[in-house]
Amino acid sequence: MKIHEYQAKELFRADGVPVPPGEVARTADEVYNIARRYGKPVVVKSQVLVGGRGKAGGVKLAKDADEARKHAETILGMDIKGLTVDKVLITQAVKIDTEIYLGVIMDRASQRPVIMASAAGGVEIEEVARENPDAIQRLTVDPLHGLLPFQSRVLASKLHDDFKVIRQIATIIEKLYRTFVRVDASLAEINPLVVTPEGKVLAIDAKINIDDNALYRQPEIESLRDLSAEDPGEVAAREMGLSFVRLKGNVGNIVNGAGLAMATMDLIKTYGGEPANFLDIGGSSNPEKVITAIDIILGDPSVKSIFINIFGGITRCDDVARGLVTAFEKLDIKLPIVVRLTGTNEAEAKEILAKMDLPTADTMDGGVKKAIELAS
Amino acid sequence: MKIHEYQAKELFRADGVPVPPGEVARTADEVYNIARRYGKPVVVKSQVLVGGRGKAGGVKLAKDADEARKHAETILGMDIKGLTVDKVLITQAVKIDTEIYLGVIMDRASQRPVIMASAAGGVEIEEVARENPDAIQRLTVDPLHGLLPFQSRVLASKLHDDFKVIRQIATIIEKLYRTFVRVDASLAEINPLVVTPEGKVLAIDAKINIDDNALYRQPEIESLRDLSAEDPGEVAAREMGLSFVRLKGNVGNIVNGAGLAMATMDLIKTYGGEPANFLDIGGSSNPEKVITAIDIILGDPSVKSIFINIFGGITRCDDVARGLVTAFEKLDIKLPIVVRLTGTNEAEAKEILAKMDLPTADTMDGGVKKAIELAS
Amino acid sequence: MSAFIDKNTRLVVQGITGRDGSFHAKQMMEYGTDLVAGVTPGKGGQKFEGKVPVFDSVHEAVIETAANTSVIYVRAAFAADAICEAADAGVDVIVCITEGVPVIDMAKALPFVREKGCRLIGPNCPGIIAPRDTVKVGILPATIVGPGAVGVVSRSGTLTYEVVFQLTSNGYGQSTCIGIGGDPLIGTNFIDTLEAFESDEDTKAVVLIGEIGGTDEQEAADYIKAKMSKPVVAFIAGQTAPEGKRMGHAGAIVSGAAGTAQEKIEAFEKAKVPVARIPSEITKLLGEAAPGLKV
Amino acid sequence: MSAFIDKNTRLVVQGITGRDGSFHAKQMMEYGTDLVAGVTPGKGGQKFEGKVPVFDSVHEAVIETAANTSVIYVRAAFAADAICEAADAGVDVIVCITEGVPVIDMAKALPFVREKGCRLIGPNCPGIIAPRDTVKVGILPATIVGPGAVGVVSRSGTLTYEVVFQLTSNGYGQSTCIGIGGDPLIGTNFIDTLEAFESDEDTKAVVLIGEIGGTDEQEAADYIKAKMSKPVVAFIAGQTAPEGKRMGHAGAIVSGAAGTAQEKIEAFEKAKVPVARIPSEITKLLGEAAPGLKV
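Chains as they are written, first to last, in the numbering used here: chain A, 1 to 376; chain B, 1 to 376; chain C, 1 to 295; chain D, 1 to 295.
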């Protein structure tokens, strides 16, 4: 789960990471009032759940409240990578001497949290990794020992020359790691962490992704979810326990299992079609899931056909068939739906579906080809 | 550092260990009022920092407030192993079906916390260990992993037959360990943990010893220290950074270093004397420490002579000598003091002391013999 | 012979009285697995299906029944603890089916398992099936497999079924099919499995089914090139997956330009491992890479 | 030769700019120790006594000076971290002088040190001195020692000085004198040290100075009986200590009937190790147990 910059900053602040004062606003008037109250230069920052906001023009420095209002008028309502900006963060501007990158990820290779740091902050870490990999320091943390004080200090000493600054950075590294563990993050990042000309160290941007698997024990973090910033189809899918990702094509598909769903998407593309989505109904046999899945896909007007690909292992094909029957009763389905059901209770399923006169297929290749044909 | 039962119960309660309601009182009237308010049978328990309170008659069951007052009158002011009872804990009496022992210690051999548990609770664990060692379950905890939930459950299942009770005990084991770590305990013990006839599990006694070395980071625990329950000499010594233990003899001694101080005590005994104390002035060269040390020993009227045994390594003998000179100026010293100073700056020290005309010795054997002679 | 499980497998099911646990326990028994015990705390003393003893702890189960393998169907919140319990109780192999285990829990449980010298498969995996020994530990459907010489290893569930079904339908039986799981932190990776297949005399060729996310396939490609004598055919799912979106599996995500299907396909091609573009191409490539394996 | 330190010891002093650290760094240099570096975070770039470079971290010190041994004089709150830092930086031997380290900190630091394969002496110890090599690491006063064939190991500080002084005065020089520390959790125990003495060819006999608390002496007695060929003479302090009172050292406490001097003396007597009743008896027993060692 992604959260907004202003929310990530609150989580960091709670653990003691120094963050410049800031407030969220949804209108240009609010922005003006906040900036006037601050009486200092401010930065107006779009709050959308994608990277590259700066490059897209979604982050602007304003020398006074009037300029802040002007920027807010441009930024609010702006489209950034398909997302509409409906709120901005106004933060007091900070003089910058140097910019540092600090991040913690859960590293798959070492199976441990890894702290990444670079004195070349302010740009995307992937870019640094590509162009100057030696500029990135990596510290693998043993989650049993936790981050030891000397490790933070030694890492910090590679990021700056002034020991007063190093001490501050070391403390911030400890707090960053504490937040990472406390909120069950999969990523916690400060980029840039800035050193002011006076030698103060401040986090002026913040990013935290949460491990979805841990949300059950993080109700406060879960409540930070900004449903308005998400695709309504993804929200509806999640509520029903489905996994859904919208794509740009016209061939919808409903599959049980993530690997098979990806392979089905890929196969649509291979046979010259364009997949409209990824949709995994999971391993259980709940007919309601099929109904929700169809409903979500029907919500996308560009979808022209749907391929249902079920390999019954735990999922029983007859349950899926029954879900289809109910879905056809409840929903106004005008699109062609191609069905391929194989595995557990396949015969029963075919019997149920026989009455419905749906196009069927025995193999996923056959089903994909038929769905593409029907979409064009 | 030792704390009282009622304080240990508060610490346990804060982590969620179920403890029956109780209040502390200093007078029989207070006891009466508390017991009346409870309106149930209560237990009146002396609060002194030694074990064996029950055997000494310091714990009594009262069926009503009048009886509670009667017991309080007996117990308050009572002497238990040299300590005067000045407060009691009144707790609601609990019906007991079975009694369990639960304790966590820092185990020297495994260098890890060890949880000890026994279905034979209610008696001293040393007694169980002696008579029926197999009745004690031991669980060594890896401090890096912490106590894992299954470990508590498996341990609990060896203490009772009813799974509803086992579940409660498992939770209490987890909480006991949490308290142990949270307060930097060297020992945390519930004895007995009782199971009521209704299957409720409750801690009806509690004991926690704190690691003295960790008190610097446990100000709240440090504030639980009951100075009135301690030997004033030990309090004064601790405030000055000395380590002092009062014994029953008449030959006082002041030594630098714990091992040498113990060996000096032992030597006094070997040569037919009785050591009056253990006193380690530590490794630093602060003359104030010598003054405090002499002052503390002079506070004990049974002391008849003092032996000062200093082996100068880090401690400089001339500093000790100067402390002695100042002590003789400030304090009214009428007792014979035998001095043995050897090691760093021995010559300078001897020069300083020459003017004072004190009995001296070259070896600890000689010094001890002279001090014993002067004490008789 | 097969990898990780065989005729000597004595299985304990953790969570045997739950919905999934009881269903699959029965399926495993019916297939031929030697199910010796079940564990559900508080249900000790019961009998599963009238004959398999249920215990309160894995420790008891191991002591009483000499179970050497465990399969876990408990809820995600308790799965990491269940893994540690099995490791502590002394089983050799642990298969964790449970999906949705928090990643930091696994980061702490994995060193515990390794300290105890256990083999963990999963979590979030369909488990293992060994058709030659008719033993299965997990949820892989017995109906789609057949005994043979192909080792199958995969990060997914139903895609594995699809591929195994096609293999069996086309005359390629399997020595062992292993789902290693779709999570970012798992106990057994592709290399561990390839090592097992390389040393298993009944395995003559391997089908490896990877997907987007991480670098496990790339490392497997290096390993195959350097160490494997047996032919391997690969397939990678998620070629059309967008960046930054979790595709069902917690581990199936392209981060920036890292972990793409393209990168993995190139790694295999560099290692001279044929890569099927679509699942139905796998049997064809297998026929070319390992002729004469068809039953 | 001597145990744990010798002519090849290249020492880094952690906390070299502090009061104790600077005093003893100078003493060690004067005695002959090869002091190659100091560490105080934030003081990197300074020179100690005009010649020894000071670094911000042990890592830098090890990289720049090839230090292989560290001695720690930092405050108790930072001592466990300093130990881990030295272990992580790759030194072979760490001597922690600091007193008052919380016991749970040591319970966590000890596995870290062991994972790194380091030898830790202490904490709360006077360190090591090797008179034959004129090397010392710690605070043992150089004035009282002399080169010879006796290995001395002790849980205390000044009592060791007293005993070593008597040994030297009576013609018994030492190969190595080691204070292992007075805390309940320490890196090196009596057995580790006895092993080192047994295999050190310059050590011909051992004086062991124990005290109340724990069972380290009892285990040492068993070890001596089972494994040692060289004569050992023991002394135990605290025969008159009362139960339940900490006698200065955090580890010197009799709990119930456990850890008494009597119990330890009996263990040694059972192992045929002569036990001196008073310190001045040690040289006499040594003369009987190992005749001909006097210089």
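For the record, the hints were derived by calculation from the structure and aren't laboratory data. Incorrect hints may have been included.
What the hints assert, rightly or not - In silico DMTMM-like cross-links for lysine to aspartate or glutamate, where the CA-CA straight-line distance does not exceed 20 Å: (1) LYS108/D <-> GLU239/B; (2) LYS248/A <-> GLU288/A; (3) LYS304/A <-> GLU373/A; (4) LYS245/D <-> GLU239/B; (5) LYS116/D <-> GLU64/C; (6) LYS227/C <-> GLU243/C; (7) LYS158/B <-> GLU201/C; (8) LYS248/B <-> GLU220/B; (9) LYS43/D <-> ASP142/A; (10) LYS108/D <-> ASP231/A; (11) LYS47/C <-> GLU239/B; (12) LYS369/A <-> GLU243/C; (13) LYS2/A <-> ASP162/A; (14) LYS245/D <-> ASP212/B; (15) LYS108/C <-> ASP142/B; (16) LYS43/C <-> ASP81/C; (17) LYS245/C <-> GLU126/A; (18) LYS95/A <-> ASP162/A; (19) LYS370/A <-> ASP81/C; (20) LYS55/B <-> GLU243/D; (21) LYS158/A <-> GLU115/D; (22) LYS81/B <-> GLU243/D; (23) LYS158/A <-> GLU64/D; (24) LYS269/A <-> GLU64/C; (25) LYS370/B <-> ASP56/D; (26) LYS7/D <-> ASP20/D; (27) LYS245/C <-> ASP231/A; (28) LYS95/A <-> GLU126/A; (29) LYS164/A <-> ASP56/D; (30) LYS334/A <-> ASP365/A; (31) LYS43/C <-> ASP162/B; (32) LYS2/B <-> GLU243/D; (33) LYS207/B <-> ASP56/D; (34) LYS108/C <-> GLU60/D; (35) LYS270/D <-> ASP202/D; (36) LYS245/C <-> GLU67/A; (37) LYS55/A <-> GLU243/C; (38) LYS245/C <-> GLU124/A.
Given the structure is predicted, the values throughout are model-derived calculations rather than measurements.
> What hint numbers does the structure not satisfy?
Replying inline: Violated: hints 1, 2, 5, 6, 7, 8, 9, 10, 11, 12, 13, 19, 21, 24, 25, 26, 28, 30, 33, 34, 35 and 36.
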